[in-house]
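Go by the hints and put chain X onto chain D.
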Amino acid sequence: NAGVMQNPRHLVRRRGQEARLRCSPMKGHSHVYWYRQLPEEGLKFMVYLQKENIIDESGMPKERFSAEFPKEGPSILRIQQVVRGDSAAYFCASSPIVGVGPYNEQFFGPGTRLTVL
Amino acid sequence: AQTVTQSQPEMSVQEAETVTLSCTYDTSESDYYLFWYKQPPSRQMILVIRQEAYKQQNATENRFSVNFQKAAKSFSLKISDSQLGDAAMYFCAYRSRTGGGADGLTFGKGTHLIIQP
Chain D
625 NAGVMQNPRH
635 LVRRRGQEAR
645 LRCSPMKGHS
655 HVYWYRQLPE
665 EGLKFMVYLQ
675 KENIIDESGM
685 PKERFSAEFP
695 KEGPSILRIQ
705 QVVRGDSAAY
715 FCASSPIVGV
725 GPYNEQFFGP
735 GTRLTVL
Chain X
1077 AQTVTQSQPE
1087 MSVQEAETVT
1097 LSCTYDTSES
1107 DYYLFWYKQP
1117 PSRQMILVIR
1127 QEAYKQQNAT
1137 ENRFSVNFQK
1147 AAKSFSLKIS
1157 DSQLGDAAMY
1167 FCAYRSRTGG
1177 GADGLTFGKG
1187 THLIIQP
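Those protein sequences? They're chains D and X, same order as listed.
All you need for our numbering is the position in the first sequence, starting with 1, plus 624.
All you need for our numbering is the position in the second sequence, starting with 1, plus 1076.
Among the hints, a few may not be true.
[As the list claims (entries may be wrong)] Examples of chain X residues toward chain D, derived with CB under 7 Å:
(1) Arg1119
(2) Phe1167
(3) Gly1184
[Stated by the list, open to error] Derived PhoX-like pairs: lysine-lysine, alpha-carbon spacing no greater than 25 Å straight-line:
(4) X:Lys1185 - X:Lys1154
(5) D:Lys668 - X:Lys1146
(6) D:Lys686 - D:Lys668
(7) X:Lys1185 - D:Lys668
(8) X:Lys1149 - D:Lys668
(9) X:Lys1146 - X:Lys1131
The hints are simulated quantities; they were obtained by calculation from the structure and are not laboratory data.
Beta carbons: idealized from backbone N, C-alpha and C, even for Gly.
In isolation and in its complexed conformation, chain D is listed as follows:
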């Protein structure tokens, strides 16, 4: 069973461009989480999605950031008009259906490191 996959692993964008980060959850997982890790910081929760639904976006910046998890295909985190402060590592995690197992453990992908020039 392949783990959580993220691509690209490294992404370089110039200020004002768009960044698209992809996350393919583990097989059978229907919950996806996105986290951001700024340099020298812990991971900060951004958004929690199920297929075709945003469940909790309390950690998402109000502007320029959006996320989706379509019925088919990977989850996408989209950052429009990137600024230097968006430079960070973005991690995706997936979890099985709530209620299966006591922990609903989140399995993390390897992350995408975004650099904004």
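Chain X in isolation, oriented as in the chain D frame:
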């Protein structure tokens, strides 16, 4: 909102010795999960150990054990017989159990563990 505090930015230990990493948290909830994650230089987040708040018994996984003090809201990680491969950033994390335990994780800022050969 919950907060997680790791007061030790960096710790150093001799190989084969024992080290304890500190973590405190703040919450008004009575039922939750606590985790320790390891992030080696590869940046992959690896779950080390987990604890359910309602369980009084401290969790143990091989050389890793926790000291969970619910009243003090303390959750420290003890690594016995430290090995060079233990060198990494260690993050303490909290997760609410309301909502079926599907919430995002709240992380501390991490402790950089150095293993001296």
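So, going through the hints one by one against the coordinates:
no., hint, verdict
1, Arg1119, "holds, 5 Å"
2, Phe1167, "holds, 5 Å"
3, Gly1184, "holds, 5 Å"
4, X:Lys1185 - X:Lys1154, "holds, 18 Å"
5, D:Lys668 - X:Lys1146, "holds, 24 Å"
6, D:Lys686 - D:Lys668, "holds, 15 Å"
7, X:Lys1185 - D:Lys668, "holds, 10 Å"
8, X:Lys1149 - D:Lys668, "holds, 21 Å"
9, X:Lys1146 - X:Lys1131, "holds, 10 Å"
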